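Participant: Take a look at the letters that make up each chain.
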Amino acid sequence: MTQASSTDPYDLLIVGSGAAGGLMAAKAAAAGKRVLILEAGPVAETHHLVSSQKWARRHKWSGAAVEEEGNLKIGHGFNAGWGTGGSAKHHYAVWPRLHEDDFKTKSLYNQGLDWPLEYRDLQPFYDTVQEEVGMSGDAAAEVWRPPGASYPMPPVAVFAQGKAIQKGFEALDMNVAPIPVAVNSRPYKGRMACIYDGWCDAGCPIGALANPLVTYLSWAREDGAELRNDAAVTRVLHDSSGRKATGVVYRDAKGEEHTAHGDIVVLAAFTVQNARLLLASATDKHPNGLSNSNDHVGRYVMTHPSNSVYGLFPEETMPYMGLTGGQLICHDRYKERDKGDAYGAYQWLIANALKPNDLLGIANTRPDIYGPALETFMRDAGARMGNMVFVGEDIPLAENRIVLSRNRDQNGVPLPKAIHNITAPTEAMCNNAVAEGLAIFEAAGVEAPWQGPRFGMHILGGTIMGDDPETSVTDAYGRCHELDNLYVTGCGLFPTSGAVNPTFTINALTLRTAEHILHSH
Amino acid sequence: MEQDRRQFLKSGSILLSVVIGGSMLRLTPVAAREAEVPYQVLSPLEVDTLEGLAEAIVPGARNAGVAQFIDKQLAADFSDSLLMLKYLGVPEEGYIPFYQAGLASAAALSQARYEKPWSQLSAAEASTLTAAIAAGSPSGWSGPPAGFFFFVIRSDGVDVVYGTEEGFAKIGVPYMPHIAPEQPW
Chain A
1 MTQASSTDPY
11 DLLIVGSGAA
21 GGLMAAKAAA
31 AGKRVLILEA
41 GPVAETHHLV
51 SSQKWARRHK
61 WSGAAVEEEG
71 NLKIGHGFNA
81 GWGTGGSAKH
91 HYAVWPRLHE
101 DDFKTKSLYN
111 QGLDWPLEYR
121 DLQPFYDTVQ
131 EEVGMSGDAA
141 AEVWRPPGAS
151 YPMPPVAVFA
161 QGKAIQKGFE
171 ALDMNVAPIP
181 VAVNSRPYKG
191 RMACIYDGWC
201 DAGCPIGALA
211 NPLVTYLSWA
221 REDGAELRND
231 AAVTRVLHDS
241 SGRKATGVVY
251 RDAKGEEHTA
261 HGDIVVLAAF
271 TVQNARLLLA
281 SATDKHPNGL
291 SNSNDHVGRY
301 VMTHPSNSVY
311 GLFPEETMPY
321 MGLTGGQLIC
331 HDRYKERDKG
341 DAYGAYQWLI
351 ANALKPNDLL
361 GIANTRPDIY
371 GPALETFMRD
381 AGARMGNMVF
391 VGEDIPLAEN
401 RIVLSRNRDQ
411 NGVPLPKAIH
421 NITAPTEAMC
431 NNAVAEGLAI
441 FEAAGVEAPW
451 QGPRFGMHIL
461 GGTIMGDDPE
471 TSVTDAYGRC
481 HELDNLYVTG
491 CGLFPTSGAV
501 NPTFTINALT
511 LRTAEHILHS
521 H
Chain B
522 MEQDRRQFLK
532 SGSILLSVVI
542 GGSMLRLTPV
552 AAREAEVPYQ
562 VLSPLEVDTL
572 EGLAEAIVPG
582 ARNAGVAQFI
592 DKQLAADFSD
602 SLLMLKYLGV
612 PEEGYIPFYQ
622 AGLASAAALS
632 QARYEKPWSQ
642 LSAAEASTLT
652 AAIAAGSPSG
662 WSGPPAGFFF
672 FVIRSDGVDV
682 VYGTEEGFAK
692 IGVPYMPHIA
702 PEQPW
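Chains as they are written, first to last, in the working numbering: chain A, 1 to 521; chain B, 522 to 706.
Read the hints as simulated data drawn from the structure, not as lab findings. Do not take every clue at face value.
Claimed, not checked - Distance condition first, Cα-Cα at most 25 Å in a straight line; then the derived SDA-like pairs of lysine to any residue: (1) A:K285 to A:D263; (2) B:K691 to A:A373; (3) A:K33 to A:E222; (4) B:K691 to A:R379; (5) A:K417 to B:P618; (6) B:K691 to A:K285; (7) A:K167 to A:K417.
What the hints assert, rightly or not - Here are a few chain A residues that face chain B, going by a calculated C-beta distance under 10 Å: (8) T46; (9) Q53; (10) A56; (11) I195; (12) N357; (13) L415.
Quick caveat: nothing in here was measured; it's all calculated off a predicted structure. Glycine included, C-beta positions come from ideal geometry on N, C-alpha and C.
Please take these sequences and the hints and turn them into a complete structure.
Facilitator: Here's what the structure looks like:
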């Protein structure tokens with residue numbers, strides 16, 4: 001039995017409290033709008049961000065299972081977040097901008113898709129966001145960086161690990177730059193500076209890292225936005241015409257069903273969940289799911305193929321110091337994405353801070369070592385290890401998609417199934433990148449560098465934007481082609497993945513959409 | 522850093538909060554075992570097998586409380602689980618069957634090869650079985666893929682041995698917490 005917990009419609013009803021939901025709520029609340037944010041996960045505040053890789057797992061996805069298939073699974077359990085702040089609560093705040101070419105790979109390289117906007121359309125929003133939340137970096141040193149305002153703070157510190165690896169890049173005549181991060185290298189707008197203890201993955205409780213708990217979501221709540229936790233949205237409602245969303249149905253922690261109404265409904269859940277929700281909200285007006293008469297909802301799901309490279313350096317590297325996301329960055333190969341058999345841009349994130357345990361921790365860099373040899377390795381690696389990771393471009397393919405499973409969650413909603421495969425050109429790009437990484441480590445003096453397993457970093461696509469309603473789900477503002485007041489946000493909108501961490505672009509796109517909504521509705 | 526390490530080593534072992542006779546006590550994992558604090562999910566044979574296998578993979582795992590750690594997580598709500606299995610694509614309802622099936626296979630392997638449980642194996646015997654599981658194809662294995670099971674138990678062992686302030690200090694890595702955890706798990 002559905003209980004109406006609110007008959008008064010909100011101006012904006014936002015599903016999800018992560019990077020996109022928080023920013024959207026902040027802008028709307030600041031403009032005087034009544035905003036309700038429905039968050040599927042529990043309450044999380046900065047004091048919950050305990051410095052432990054075990055306790056950090058409470059901040060990773062704990063909702064309904066996501067079934068996964070393919071030769072490069074999307075890794076939803078590790079990539080997605082849980083609770084207030086969503087994935088951005090534990091993200092590493094590596095914020096490079098997409099490159100200009102990323103927006104038109106179909107036109108330039110006959111690969112993938114073109115976006116319905118160009119870099120220059122997004123640039124002012126990148127600039128605004130980086131000033132609002134604070135970023136550290138050295139724009140001049142990023143010789144590959146597209147046009148944009150300089151960073152408001154100087155770069156974060158580089159420690160022994162970064163300096164050791166940098167020698168390898170220099171030996172091969174490659175450029176590195178301080179990593180651009182939404183982390184304070186000095187106090188910024190009342191938030192503390194980073195102290196480089198490498199706990200970013202567990203969440204930054206001091207506010208040096210710009211997660212939603214200390215930036216947009218916090219500002220939204222100060223301006224009156226209401227956040228309702230443990231509210232799992234199960235479907236989006238629409239009016240009798242099928243053209244207007246009217247609200248959502250959600251279940252609370254006790255399993256009781258409620259409705260909430262909004263003049264505008266914004267889906268700001270994680271990539272997979274946005275697509276799932278559209279598909280699971282099918283009605284007689286939208287029998288294939290909302291905004292899915294063209295069967296494009298769920299298609300073109302992407303993940304950045306990635307491998308880490310490891311090595312034991314002759315000198316001590318203090319691999320536990322710095323940021324989880326790295327100390328340096330290299331985009332030298334970004335514009336060389338088309339190499340015949342190989343296709344795809346990639347970046348290097350260099351000298352990530354490591355902890356002994358966890359999926360990306362020191363021990364699992366050599367999962368073949370066990371028994372008495374393990375402690376020897378742990379001591380050695382804890383002193384001399386270096387690592388870096390390449391983040392590769394994924395080609396958007398229509399057959400890579402999110403569909404509904406036959407299995408259902410406890411609320412009766414079909415589980416999502418994510419099917420994702422990479423093809424030969426991407427595989428070749430990955431192999432080239434790994435070979436380059438091993439060569440860089442050898443040039444830096446490492447005798448026997450090794451690589452980790454391939455994995456998917458970030459999850460993108462599935463609700464792609466485009467100019468043509470026949471081949472996309474939303475327009476360039478994330479508005480669904482088939483419902484006039486239903487918006488989708490996040491990197492599910494990206495028609496191409498680029499080869500950079502997506503959160504900065506999510507923020508820029510959401511700001512662009514927020515301004516559009518506030519001006520047009 | 523060396524000063525920090527000495528300080529951690531002198532500060533004693535991991536303490537668990539356990540309930541005995543209605544009272545909450547803070548005990549080391551070893552003391553909790555000696556006090557026969559009951560397990561909530563794992564059977565005695567599963568505990569025996571888990572401790573034997575984890576100890577062979579990550580020396581120190583038994584006394585660091587690997588069985589108490591996993592048992593507590595399996596008894597907890599999914600959203601409170603601290604198991605790394607969370608990242609590895611095993612659905613919530615599959616957690617207990619994953620461990621039970623893997624441990625049953627490991628116990629059967631020990632019986633088939635040596636006709637005794639893991640706790641009675643010599644170090645060499647445990648090492649031989651562990652190598653077979655790590656290689657991914659021990660005869661008669663019917664649980665989750667053996668290589669994957671090895672990876673998970675290894676990660677669990679690393680969590681309890683190296684994922685604490687004491688464990689960091691053991692390998693010379695400063696813990697440097699913003700907010701120190703009140704409990705190891």
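Participant: Evaluate each hint against the coordinates.
Facilitator: Hints, one by one, checked against the model:
no.: 1; hint: A:K285 to A:D263; result: holds (19 Å)
no.: 2; hint: B:K691 to A:A373; result: holds (14 Å)
no.: 3; hint: A:K33 to A:E222; result: holds (13 Å)
no.: 4; hint: B:K691 to A:R379; result: holds (8 Å)
no.: 5; hint: A:K417 to B:P618; result: holds (22 Å)
no.: 6; hint: B:K691 to A:K285; result: violated (63 Å)
no.: 7; hint: A:K167 to A:K417; result: violated (44 Å)
no.: 8; hint: T46; result: holds (9 Å)
no.: 9; hint: Q53; result: holds (6 Å)
no.: 10; hint: A56; result: holds (9 Å)
no.: 11; hint: I195; result: holds (8 Å)
no.: 12; hint: N357; result: holds (4 Å)
no.: 13; hint: L415; result: holds (9 Å)
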